[in-house]
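Could you put the whole structure together from the sequences, leaning on the hints where they help?
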Amino acid sequence: MTEEIIIAGFGGQGVLSMGKILAYSGVMQNKEVSWMPSYGPEMRGGTANVTVIVSDERISSPILNAYDTAILLNQQSMDKFEKTVKPGGLLIYDPNGISRHPERKDINIYSIEAADEAAKAGFSKIFNMIVLGGFLKLKPLVAPEFLHKGLEKSLPARHHNLIPENEKAVELGKNILKPVQIVN
Amino acid sequence: MTEEIIIAGFGGQGVLSMGKILAYSGVMQNKEVSWMPSYGPEMRGGTANVTVIVSDERISSPILNAYDTAILLNQQSMDKFEKTVKPGGLLIYDPNGISRHPERKDINIYSIEAADEAAKAGFSKIFNMIVLGGFLKLKPLVAPEFLHKGLEKSLPARHHNLIPENEKAVELGKNILKPVQIVN
Amino acid sequence: MEELFAKPEIRKPENIVYKKTDLMVDRPLSYCPGCGHGTVHRILMEVIEEMDIQGDTIGVSPVGCSVLAYDFLDIDMLGAAHGRAPALATAIKRLWPHRFVFTYQGDGDLAAIGTAETIHACNRGENITIIFINNGIYGMTGGQMAPTTLPGMRSSTSPYGRDVLTMGYPLKMTELVAQLPGTHYVTRQSVHTPGNARKTKKAIRKAFDIQKEKKGVGWIEVVSNCNSGWKMTPVQANKWMEDNMFPFYPLGDIKVDGKLIEVAK
Amino acid sequence: MEELFAKPEIRKPENIVYKKTDLMVDRPLSYCPGCGHGTVHRILMEVIEEMDIQGDTIGVSPVGCSVLAYDFLDIDMLGAAHGRAPALATAIKRLWPHRFVFTYQGDGDLAAIGTAETIHACNRGENITIIFINNGIYGMTGGQMAPTTLPGMRSSTSPYGRDVLTMGYPLKMTELVAQLPGTHYVTRQSVHTPGNARKTKKAIRKAFDIQKEKKGVGWIEVVSNCNSGWKMTPVQANKWMEDNMFPFYPLGDIKVDGKLIEVAK
Amino acid sequence: MAKIKGDIVINTERCKGCEVCIAACPFGVIAMSKEVNSKGYHYAMKVNDECTGCTNCAIVCPDGVITVYRAKVTTE
Amino acid sequence: MAKIKGDIVINTERCKGCEVCIAACPFGVIAMSKEVNSKGYHYAMKVNDECTGCTNCAIVCPDGVITVYRAKVTTE
Amino acid sequence: MGELRLMKGNEAVAEAAIRAGCDGYFGYPITPQSEVMEYLMAEKPYDRTGMVVLQAESEVASINMIYGAAGTGKKVITSSSSPGISLMQEGISYMAGAELPAVIVNVVRGGPGLGTIQPSQADYFQAVKGGGHGDYKLIVLAPASVQEMCDHVKLGFDLAFKYRTPVMLLSDGAVGQMMEKVVLFDQIPRRTDEEVIAQCPWAATGKLKNRDHIIITSLDLDPAGQERVNLKLQAKYKKIEENEIMYEEIHCEDAEYLFVAFGLSARICQKATDLARAKGIKVGLFRPITLFPFPVQQIASTIKRVKGVLVVEMNAGQMIEDVKLSVGLNVKIEHFGRFGGIIPSPDEVVRALEQKIIGG
Amino acid sequence: MGELRLMKGNEAVAEAAIRAGCDGYFGYPITPQSEVMEYLMAEKPYDRTGMVVLQAESEVASINMIYGAAGTGKKVITSSSSPGISLMQEGISYMAGAELPAVIVNVVRGGPGLGTIQPSQADYFQAVKGGGHGDYKLIVLAPASVQEMCDHVKLGFDLAFKYRTPVMLLSDGAVGQMMEKVVLFDQIPRRTDEEVIAQCPWAATGKLKNRDHIIITSLDLDPAGQERVNLKLQAKYKKIEENEIMYEEIHCEDAEYLFVAFGLSARICQKATDLARAKGIKVGLFRPITLFPFPVQQIASTIKRVKGVLVVEMNAGQMIEDVKLSVGLNVKIEHFGRFGGIIPSPDEVVRALEQKIIGG
Ligand SMILES: Cc1ncc(C[n+]2csc(CCOP(=O)(O)OP(=O)(O)O)c2C)c(N)n1
Ligand SMILES: Cc1ncc(C[n+]2csc(CCOP(=O)(O)OP(=O)(O)O)c2C)c(N)n1
Ligand code: SF4
Ligand code: SF4
Ligand code: SF4
Ligand code: SF4
Ligand code: SF4
Ligand code: SF4
Ligand SMILES: [Mg+2]
Ligand SMILES: [Mg+2]
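Chains as they are written, first to last, in my numbering: chain A, 1 to 184; chain B, 1 to 184; chain C, 1 to 265; chain D, 1 to 265; chain E, 1 to 76; chain F, 1 to 76; chain G, 1 to 360; chain H, 1 to 360.
No lab work stands behind these hints, which were simulated from the structure alone.
A few of these clues could be false.
[To be verified] DEER-style ranges, computed between Cβ atoms: (1) G:Lys236 x B:Asp79: 29 to 37 Å; (2) H:Pro201 x D:Gly252: 55 to 63 Å; (3) B:Asp79 x D:Pro13: 35 to 43 Å.
[As the list claims (entries may be wrong)] Pairs of lysine to aspartate or glutamate, EDC-like flavour, derived with a Cα cap of 20 Å: (4) H:Lys181 x B:Glu3; (5) F:Lys3 x D:Glu14; (6) H:Lys209 x C:Glu46; (7) B:Lys125 x B:Glu152; (8) G:Lys181 x G:Glu3; (9) D:Lys19 x F:Glu19; (10) B:Lys149 x H:Glu3; (11) C:Lys206 x C:Asp257; (12) D:Lys215 x D:Asp257; (13) D:Lys215 x C:Asp163; (14) B:Lys149 x B:Glu165.
Note that beta-carbon positions come from the ideal geometry of N, C-alpha and C, so glycine has one too.
Structure representation (structure tokens):
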């Protein structure tokens with residue numbers, strides 16, 4: 001099993017930490033992982049993305065040009081990464097703020113209205129966990145107990161009280177994920 | 001014609017400027033010249049030497065390991081450079097302060113008591129010009145008028161009043177040079 | 001985005017009393033919301049506009065958040081290596097004595113790696129203007145401790161607060177260079193309130209004016225915020241700055257007309 | 001070399017009142033006749049001998065005429081790159097806090113290329129001793145202008161005299177570092193007379209003593225001659241130094257026990 | 001009676017919502033919008049008629065997005 | 001009467017003839033030799049009996065070539 | 001087995017330094033490696049092991065602090081990225097000349113100049129041929145994973161002390177910034193001062209009664225002496241070449257074509273190897289792990305068996321010179337590079353192989 | 001014919017700078033090149049031509065002054081020796097990245113570290129492969145005489161401005177310190193500010209009404225942009241390789257053996273050629289004058305005709321790599337070097353030829 005994922009959006013949306021939780025959970029499950037972020041000042045207010053690979057084998061390149069899954073959270077990311085999904089692969093996006101919806105015909109596409117839900121909950125920090133939930137519904141890479149451990153590892157201790165909230169958000173994400181196009 | 005000369009002694013004996021005068025005079029006579037000093041702190045109170053080449057042709061190496069003439073003005077220089085005189089070549093030395101006189105059998109050797117003469121004259125600065133005189137007697141590389149010009153070029157203007165004195169010292173040198181061994 | 005309180009009768013070109021100067025390039029600044037760099041940029045360009053020296057000015061930007069200053073200031077500029085802006089400015093001014101030459105530098109740039117270049121340009125009395133943005137931190141690289149970081153202040157390389165015994169004391173470069181005979185005008189200002197911003201503008205103007213008189217360095221320190229590095233909102237940051245930075249870095253002129261101002265230690 | 005005035009009755013081992021310390025390596029010094037470097041070397045070693053810390057001392061020599069100091073001082077030493085001795089000393093002292101660590105630096109080394117390292121070691125309050133030989137010139141490289149060269153003074157790179165307008169002002173590093181909270185004891189001395197040499201010895205002793213108290217930098221500037229660079233005899237040079245250097249670089253303590261001494265400007 | 005009246009125009013697309021202008025206005029003229037601009041920032045907006053055109057807000061705005069107008073207007 | 005008397009020994013081979021010691025001696029005990037040592041330097045030498053062993057000369061000698069002796073000697 | 005962690009490459013360097021019993025870190029912030037010092041500061045290594053961490057005023061100061069500390073026998077490390085490493089060149093040359101052990105980490109970014117903060121391999125020449133003045137070599141290790149970032153710190157210290165030479169880790173922004181699983185080696189105790197004195201008799205630790213005073217220097221004004229210093233250095237480099245070469249071969253047994261790549265490029269080539277083999281192209285990967293000593297013989301004997309070689313680097317062609325010097329010009333050796341912070345993708349590497357080597 | 005003088009190489013550099021219409025010299029003293037600044041200061045070039053001469057606080061400051069001045073289109077020069085040049089590496093990389101013209105003179109001394117002040121050629125790698133970070137090249141000229149010290153300053157400025165690139169003169173302590181006859185070219189007038197503005201439209205001279213503001217930088221945070229910068233640089237280097245190669249061949253027509261040497265070594269080899277021919281050994285000398293661009297083809301075609309090649313350098317073997325890269329490994333190419341400040345003598349060079357090439 002190898003899963004190659006790109007997560008991309010605005011800085012501040014929690015893109016990097018979503019990837020981190022995936023990676024941590026992978027480690028807990030004894031898998032090989034790599035987490036490769038974009039970094040530096042271009043992240044300040046700009047875009048952020050992270051490549052996460054979870055695999056049973058030694059990982060070769062941590063940098064890819066084709067992905068099993070793309071999780072795209074703003075228009076720029078859609079423009080840049082829609083084309084990088086492998087045929088038959090998966091694209092998940094939040095339609096909020098998206099002006100041009102995905103057009104590929106050869107991939108599975110799901111939408112998730114995470115921004116709206118997070119705003120409704122009045123707690124924007126859980127946005128990324130909602131999205132993560134959606135992804136995990138389709139690709140249950142991470143067993144719930146490992147998700148918990150992953151959260152513990154990736155959140156600073158002073159935020160551990162928020163873990164239950166985060167786990168709830170993951171569940172919420174699983175529920176609100178909507179299929180847009182299924183090719184296989 | 002190519003004449004390859006090493007002049008070596010204590011710092012302060014005027015070794016470098018003796019070489020400079022030869023070089024300047026050579027330029028005046030439209031010859032190719034090179035003047036390659038030892039340099040740096042090892043000169044401070046230590047030894048100093050300069051390689052002067054005067055030639056009708058383009059000069060290849062400014063650094064040599066065999067010389068037509070060696071002018072050696074202290075024991076260290078004698079120890080270092082006696083062996084570098086080409087067979088049949090010339091060695092001139094001031095016996096003052098020399099504990100081991102030259103031993104080569106295949107070269108021409110002259111001595112010149114320049115230090116004594118300079119002390120007698122009460123003007124130690126002309127020491128090197130006396131030695132130069134001795135050399136020029138044997139190898140008249142420099143015509144008197146060019147020597148004058150060479151002195152003008154190599155002495156700072158404020159010392160030009162000393163030129164006659166220097167020229168006299170050259171003449172003196174010619175007179176006091178003593179053959180020690182002649183092989184050709 | 002309909003506007004509720006628009007006053008079309010006032011909003012006429014002839015009534016404009018303040019407008020961003022055209023000497024600012026029309027593009028969004030790369031700075032974080034509320035960052036003082038932007039304010040200083042604009043004030044600086046206002047001075048250059050007022051003096052009508054856009055074509056006669058050569059600026060030197062540093063390595064730091066303001067590395068891209070040259071993208072925003074519509075004048076000819078050079079980006080220096082980290083800390084070396086005063087060396088560039090020295091050479092430029094000496095070869096173009098009729099140009100106005102300034103450096104724009106952060107505290108890491110000017111007071112850490114660039115200490116020697118700063119001290120020596122000031123000591124030589126180069127006829128340049130040095131604008132020194134002191135935000136007590138390395139903004140650009142993600143909030144590391146700067147030489148100017150306050151005692152006890154947290155940063156990514158002093159996560160438990162600056163311990164002066166192991167990390168040294170905050171360095172008052174402005175007071176130091178004021179000691180040098182080569183500086184003519186040395187002042188410390190801020191831009192977080194309208195009053196302070198106006199004073200800073202006067203200070204920059206003064207520093208540019210003395211370039212004409214060839215009397216040595218004009219130096220303006222601007223104590224500024226780095227809300228990202230300090231991990232505060234801009235408004236919090238400005239308050240924190242008043243409460244914590246100003247007592248240590250008091251505002252005001254330090255040297256005028258080549259003479260130190262007498263102040264209590 | 002028969003001696004006319006020998007006093008065999010006095011010349012007995014038990015009557016020795018002064019003898020070059022054994023902590024000086026028994027070889028001729030590489031310095032020019034009359035150069036103050038030799039005197040400071042010996043005094044320094046006397047202090048180390050008196051404190052009995054030969055085995056506990058690590059010295060750092062600079063690039064300059066005293067680059068070979070390590071050949072003469074019988075203690076473990078490191079030769080630093082030009083100007084960087086305070087950086088070496090910082091690291092050494094932090095990793096060997098119970099060793100006595102000092103730097104020995106010339107004015108070119110400490111006040112030109114090494115300005116940043118000097119200022120920052122002082123600002124961090126490293127528990128080291130800095131011995132700063134100010135001869136107003138680059139001795140080693142053949143007499144070029146130093147940051148400390150006096151106005152009007154000739155050197156091989158200021159052959160018509162130092163012109164402060166183009167070459168800058170002589171830099172008083174000692175006064176500057178005294179401003180920094182990290183320095184505890186800052187003094188300026190000389191070694192050209194017996195009295196001055198004895199005072200310098202006391203000053204060095206004091207600076208070493210405060211290393212034990214971990215209170216910050218102890219700094220001794222020694223205004224010294226460079227008769228080769230100045231193109232004078234040693235005796236002339238010492239006279240010239242008194243007449244010209246001392247008015248500009250006045251001798252005496254500048255900071256004691258962490259407090260600036262009040263003096264007229 | 002002639003009175004000095006002011007107005008401001010905010011380039012809301014360039015506003016970064018730092019709120020520095022709010023603190024600078026002596027008359028509480030400015031507040032933050034609920035909406036965000038395309039960069040995701042809440043932006044400053046005029047919320048009353050008290051502006052005197054004093055320019056305080058504009059001079060402290062780090063992004064220089066405020067233009068200030070002032071005129072004598074005859075009231076009554 | 002007991003009097004303090006001094007003596008100095010100069011390592012003439014190491015002396016560089018800088019004359020700094022001469023200026024330092026309060027009793028004119030030292031002067032320069034006519035001869036030179038093997039390095040070519042005129043060297044310092046004792047020229048009278050006035051030495052008190054005050055160590056001045058030794059402490060200023062850059063090359064540390066002077067050793068100083070002092071003793072109480074009983075005269076008359 | 002040691003402790004398992006998910007870490008950034010930069011963090012792995014820091015943690016490995018602590019665990020290797022390192023005595024001190026001296027550095028200056030620069031992207032993309034500032035996490036090294038940040039991690040150390042957060043970890044309070046002084047409390048953990050007594051390790052000193054100091055933020056210096058510049059890279060020039062950092063390297064000279066390293067020089068000073070190393071000269072006293074202490075185990076010290078610094079890290080920086082390209083422009084900062086350039087500033088260290090004088091100090092590095094001094095350390096090589098004075099034969100001082102230390103680890104220097106370069107997390108390379110795109111150049112020249114201020115360039116960009118994105119990953120690059122354009123400092124190969126600087127690291128391998130000597131960016132400083134004079135005839136010297138660094139041992140250069142090229143970690144390609146977070147695990148190697150960790151392990152090479154330990155290895156680096158071992159080699160540094162074995163040969164009394166500075167060792168450089170030539171990494172890049174991607175390897176520094178990415179997180180991977182890493183198995184940490186167990187804490188090696190810091191040596192006591194007494195152990196340092198005993199194990200480093202060459203170091204300036206304070207003069208012992210029974211030995212001469214020690215001088216750490218790179219100066220010998222006498223050229224004959226300086227030539228002896230150089231001959232000694234050259235002899236040491238020869239020994240290193242004989243003993244310390246490290247490399248890795250992947251799918252080379254049956255390969256008809258070969259990628260040669262180091263560090264991150266090798267990771268990308270590994271993926272490219274898979275992609276190419278899926279297309280039926282029999283390609284292998286030769287990865288030098290030590291860049292100096294370069295695996296001259298090893299690379300030559302592998303290359304002898306293939307039809308063509310593509311050297312893939314994130315630069316304009318640097319290591320390719322050492323590949324050519326290993327095997328001569330009679331083999332088809334081409335370069336594929338992306339640079340200025342651009343990372344080549346595995347598929348463009350395959351395309352380059354097809355165009356430049358197989359088709360070309 | 002120009003004015004005839006007897007001068008030191010260092011003095012020739014200084015005088016040539018004045019005569020080339022140079023606008024500024026910025027430097028810091030270091031043996032064996034301090035005479036450059038000393039000569040300039042004594043000559044009062046400000047009075048002669050308006051040229052500015054400033055003693056900087058360090059080599060780091062010097063190179064950044066050069067960077068600043070060059071960025072405004074002015075013609076500037078600095079000089080130093082090995083350790084000082086190492087300190088300049090960051091600045092040099094910035095200049096290459098920002099495409100700024102200037103002449104940098106390295107009067108090489110023996111390294112590594114503080115080394116010795118005697119002549120050496122051990123900075124070849126640093127000069128030619130890039131001692132700074134990133135993919136860049138300097139044009140590197142290797143003067144072998146005082147005349148060339150003079151001429152290469154002028155040539156250096158011409159090339160620097162033609163290609164907007166820093167040019168390095170890689171000289172050594174002997175060429176810097178020795179005096180030879182030199183024919184000085186006539187004074188070229190310094191450009192007025194207006195001429196600078198007109199001739200250097202890329203330079204930051206103060207914004208003109210009719211053009212955009214000018215930015216001198218080596219930064220492009222966007223890696224795609226930074227890659228474009230790099231591609232532009234590489235294209236420029238290719239052009240330089242096509243157009244600017246300089247070399248000299250002595251007695252190569254009938255040569256059975258070949259010396260390859262640059263700078264001072266070439267002078268020594270020239271003498272060695274005479275000595276060897278006197279012994280009946282037909283040896284020639286190939287002297288690259290430009291080290292980058294390296295005369296790859298030219299050297300290859302000459303080497304094709306000989307039985308063996310001795311590369312003679314005052315280092316442990318640096319240029320020999322470029323010789324091998326020019327011709328491959330199937331020719332007998334050996335190295336003879338002395339180093340750390342030792343200058344080989346002509347007769348030991350002949351002996352080395354006999355032992356390593358003819359006999360070996
Ligand atoms: C030689 C070198 N070292 C380090 C860096 C990394 N660096 C970039 S900006 C910066 C510090 C910026 O801080 P400051 O000068 O205070 O400016 P600010 O961002 O706070 O405005 C550093 C260390 C660099 N680019 N070059
Ligand atoms: C990086 C570098 N730059 C320059 C030099 C050359 N250099 C050697 S000593 C020296 C100056 C010495 O002057 P100072 O520090 O005043 O010591 P002094 O000789 O006067 O005692 C210089 C510039 C060097 N060795 N290294
Ligand atoms: S990081 Fe700090 S200094 Fe930089 S732009 Fe943001 S607030 Fe301003
Ligand atoms: S050159 Fe000057 S400082 Fe150096 S040894 Fe001679 S007198 Fe002393
Ligand atoms: S111009 Fe003055 S009154 Fe009007 S909004 Fe701005 S600060 Fe308030
Ligand atoms: S100060 Fe400017 S950027 Fe900040 S909120 Fe007000 S208008 Fe917007
Ligand atoms: S000890 Fe005193 S009295 Fe005796 S010679 Fe020396 S200075 Fe003169
Ligand atoms: S001070 Fe010392 S070196 Fe100088 S003359 Fe006197 S004894 Fe000789
Ligand atoms: Mg800052
Ligand atoms: Mg000095």
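To see whether the hints hold, each was checked on the structure:
1. G:Lys236 x B:Asp79: 29 to 37 Å: Since Lys236 (chain G) and Asp79 (chain B) have Cβ atoms about 33 Å apart, the given range 29 to 37 Å holds.
2. H:Pro201 x D:Gly252: 55 to 63 Å: Given about 58 Å between the Cβ atoms, the range holds.
3. B:Asp79 x D:Pro13: 35 to 43 Å: 39 Å, holds
4. H:Lys181 x B:Glu3: Roughly 16 Å between the alpha carbons, so the hint for Lys181 (chain H) and Glu3 (chain B) holds.
5. F:Lys3 x D:Glu14: 17 Å, holds
6. H:Lys209 x C:Glu46: Answer holds: Lys209 (chain H) to Glu46 (chain C) is near 18 Å, not above 20 Å.
7. B:Lys125 x B:Glu152: 16 Å, holds
8. G:Lys181 x G:Glu3: Measuring from Cα to Cα gives roughly 10 Å; hence the hint holds.
9. D:Lys19 x F:Glu19: 19 Å, holds
10. B:Lys149 x H:Glu3: Measuring from Cα to Cα gives roughly 16 Å; hence the hint holds.
11. C:Lys206 x C:Asp257: 10 Å, holds
12. D:Lys215 x D:Asp257: 9 Å, holds
13. D:Lys215 x C:Asp163: 15 Å, holds
14. B:Lys149 x B:Glu165: 14 Å, holds
Figure legend: structure checked against the earlier numbered hints; every hint is met.
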